[in-house]
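Enquirer: Given next are the chains, with one letter for each unit.
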Amino acid sequence: DSGVTQTPKHLITATGQRVTLRCSPRSGDLSVYWYQQSLDQGLQFLIQYYNGEERAKGNILERFSAQQFPDLHSELNLSSLELGDSALYFCASSAGTGGNTGELFFGEGSRLTVL
Amino acid sequence: GEDVEQSLFLSVREGDSSVINCTYTDSSSTYLYWYKQEPGAGLQLLTYIFSNMDMKQDQRLTVLLNKKDKHLSLRIADTQTGDSAIYFCAEIAYSGAGSYQLTFGKGTKLSVIP
Numbered sequence: 003d004s005g006v007t008q009t010p011k012h013l014i015t016a017t018g019q020r021v022t023l024r025c026s027p028r029s030g031d032l033s034v035y036w037y038q039q040s041l042d043q044g045l046q047f048l049i050q051y052y053n054g055e056e057r058a059k060g061n062i063l064e065r066f067s068a069q070q071f072p073d074l075h076s077e078l079n080l081s082s083l084e085l086g087d088s089a090l091y092f093c094a095s096s097a098g099t100g101g102n103t104g105e106l107f108f109g110e111g112s113r114l115t116v117l
Numbered sequence: 015g016e017d018v019e020q021s022l023f024l025s026v027r028e029g030d031s032s033v034i035n036c037t038y039t040d041s042s043s044t045y046l047y048w049y050k051q052e053p054g055a056g057l058q059l060l061t062y063i064f065s066n067m068d069m070k071q072d073q074r075l076t077v078l079l080n081k082k083d084k085h086l087s088l089r090i091a092d093t094q095t096g097d098s099a100i101y102f103c104a105e106i107a108y109s110g111a112g113s114y115q116l117t118f119g120k121g122t123k124l125s126v127i128p
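First to last, the sequence lines map onto chains A and B. Every position in the first sequence, counted from 1, becomes a number in the numbering used here once 2 is added. Every position in the second sequence, counted from 1, becomes a number in the numbering used here once 14 is added.
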């Protein structure tokens, strides 16, 4: 158990809809990262928050947004969903800002299926 | 930009050694990593190597780094069925504002045949 909790584990929705994925980081970790894992693209970095502030942005679509709340949990909002958004979305946390050890603690992921 | 490449599949017999290879592009990476993803689970850090090292050994795992060729490998000795998983190579890069970002390869699916 990594200590990172993601909900929901599975989500099925229709095109055009909006969903919210939630992540609770490991106790004490200030950084939260969101990754998208798909068969063709592999593991793609979406966005990072540190102590409530956005720190780094990767290949995140404009239809997607995220935030980190004062209690350090984070939410990833996906809107106007398309079939291609079907993927496994991982949240990860780390104590600092990624630092030089690169140890991220991953949740078990939220599997999104868009029909 | 950073890019990490690795072969997608590897199949070995139980008891044999597995070697998973990876190439990366960012020569300024200070650390390189191997993460393991078991079925239905998130990624877990397996081991990492500092860029000024050539080799790191940890029980059945041996990491070799060829910095000149930007080549990283993970050797698993006496591979067991429990080693069946997807193995991700990753490099770290500074992404600004004091933050670091990991770039992952697409992962190598290791299948161990009993």
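Since the hints were derived computationally from the structure, they do not count as laboratory data. Where hints are given, some of them may not hold.
[As the list claims (entries may be wrong)] The calculated DSBU-like cross-link candidates involving lysine-lysine, where the alpha carbons are at most 35 Å apart (straight line), are: (1) B:84 - B:120; (2) B:120 - B:81; (3) B:50 - B:123; (4) B:70 - B:120; (5) B:50 - B:70; (6) B:123 - A:11; (7) B:81 - B:70; (8) B:120 - A:59; (9) B:82 - B:50; (10) B:70 - B:84; (11) A:11 - B:82; (12) B:123 - B:70; (13) A:59 - B:70; (14) B:50 - B:81; (15) B:123 - B:81; (16) B:84 - B:123; (17) B:82 - B:120; (18) B:123 - B:82; (19) A:11 - B:120; (20) B:123 - A:59; (21) B:81 - A:11; (22) B:120 - B:50; (23) B:84 - B:50; (24) A:59 - A:11; (25) A:11 - B:50; (26) A:59 - B:84; (27) B:70 - B:82; (28) B:50 - A:59.
The structure displayed is predicted, hence computed values, not measured ones.
Enquirer: If a hint holds in the structure, say so; if it does not, say that too.
Expert: Evaluation of the provided hints:
Between the alpha carbons of residue 84 of chain B and residue 120 of chain B the distance comes to roughly 17 Å, so the proposed pair stays at or under 35 Å and holds. For a cut-off of 35 Å, the pair hint linking residue 120 of chain B to residue 81 of chain B stands: about 21 Å separates their Cα positions. A C-alpha spacing of about 10 Å is found between residue 50 of chain B and residue 123 of chain B, which places the hinted pair at or below 35 Å, so the restraint holds. A hinted pair counts as satisfied when its Cα atoms are at most 35 Å apart, and residue 70 of chain B with residue 120 of chain B qualifies at roughly 23 Å.
Of the supplied pair hints, the one linking residue 50 of chain B and residue 70 of chain B holds, its CA atoms being roughly 17 Å apart against a limit of 35 Å. Our distance criterion of 35 Å between C-alpha atoms is met by residue 123 of chain B and residue 11 of chain A, whose separation comes to about 22 Å. Restraint check: the Cα-Cα separation between residue 81 of chain B and residue 70 of chain B comes to about 14 Å, which is no more than 35 Å; the hinted pair holds. A C-alpha spacing of about 19 Å is found between residue 120 of chain B and residue 59 of chain A, which places the hinted pair at or below 35 Å, so the restraint holds.
About 25 Å separates the Cα atoms of residue 82 of chain B and residue 50 of chain B, which keeps this hinted pair within 35 Å; it holds. Note on residue 70 of chain B and residue 84 of chain B: the hinted pairing holds, with a Cα-Cα distance of about 16 Å set against a maximum of 35 Å. Straight-line distance between C-alpha atoms of residue 11 of chain A and residue 82 of chain B comes to about 42 Å, which puts the hinted pair past the 35 Å bound. With a CA separation close to 22 Å, the supplied pair residue 123 of chain B and residue 70 of chain B stays within the 35 Å bound.
Our distance criterion of 35 Å between C-alpha atoms is met by residue 59 of chain A and residue 70 of chain B, whose separation comes to about 32 Å. This hinted pair checks out: residue 50 of chain B and residue 81 of chain B have alpha carbons roughly 22 Å apart, not beyond 35 Å. Distance check on the hinted pair: residue 123 of chain B and residue 81 of chain B sit about 24 Å apart at the alpha-carbon level, within 35 Å; holds. Simply put, residue 84 of chain B and residue 123 of chain B have alpha-carbon atoms about 21 Å apart, close enough for the 35 Å limit, and the pair holds.
As the CA atoms of residue 82 of chain B and residue 120 of chain B are separated by approximately 22 Å, the hinted pair is consistent with the 35 Å bound. The straight-line distance between the Cα atoms of residue 123 of chain B and residue 82 of chain B is roughly 26 Å, inside the 35 Å bound, and the hint therefore holds. Restraint check for residue 11 of chain A and residue 120 of chain B: satisfied, since their Cα atoms lie roughly 22 Å apart, inside the 35 Å limit. Note on residue 123 of chain B and residue 59 of chain A: the hinted pairing holds, with a Cα-Cα distance of about 28 Å set against a maximum of 35 Å.
Proximity of residue 81 of chain B to residue 11 of chain A is assessed by CA-CA distance (about 39 Å); at most 35 Å being required, the pair is judged violated. The hinted pair formed by residue 120 of chain B and residue 50 of chain B meets the criterion: a straight-line CA distance of about 12 Å does not exceed 35 Å. A hinted pair counts as satisfied when its Cα atoms are at most 35 Å apart, and residue 84 of chain B with residue 50 of chain B qualifies at roughly 21 Å. About 24 Å separates the Cα atoms of residue 59 of chain A and residue 11 of chain A, which keeps this hinted pair within 35 Å; it holds.
With a C-alpha separation of about 20 Å, the suggested pair residue 11 of chain A and residue 50 of chain B falls inside the 35 Å cut-off, and the hint holds. Taking the CA atoms of residue 59 of chain A and residue 84 of chain B, the gap is near 26 Å; set against the 35 Å cutoff, the hint holds. About 17 Å separates the Cα atoms of residue 70 of chain B and residue 82 of chain B, which keeps this hinted pair within 35 Å; it holds. The straight-line distance between the Cα atoms of residue 50 of chain B and residue 59 of chain A is roughly 24 Å, inside the 35 Å bound, and the hint therefore holds.
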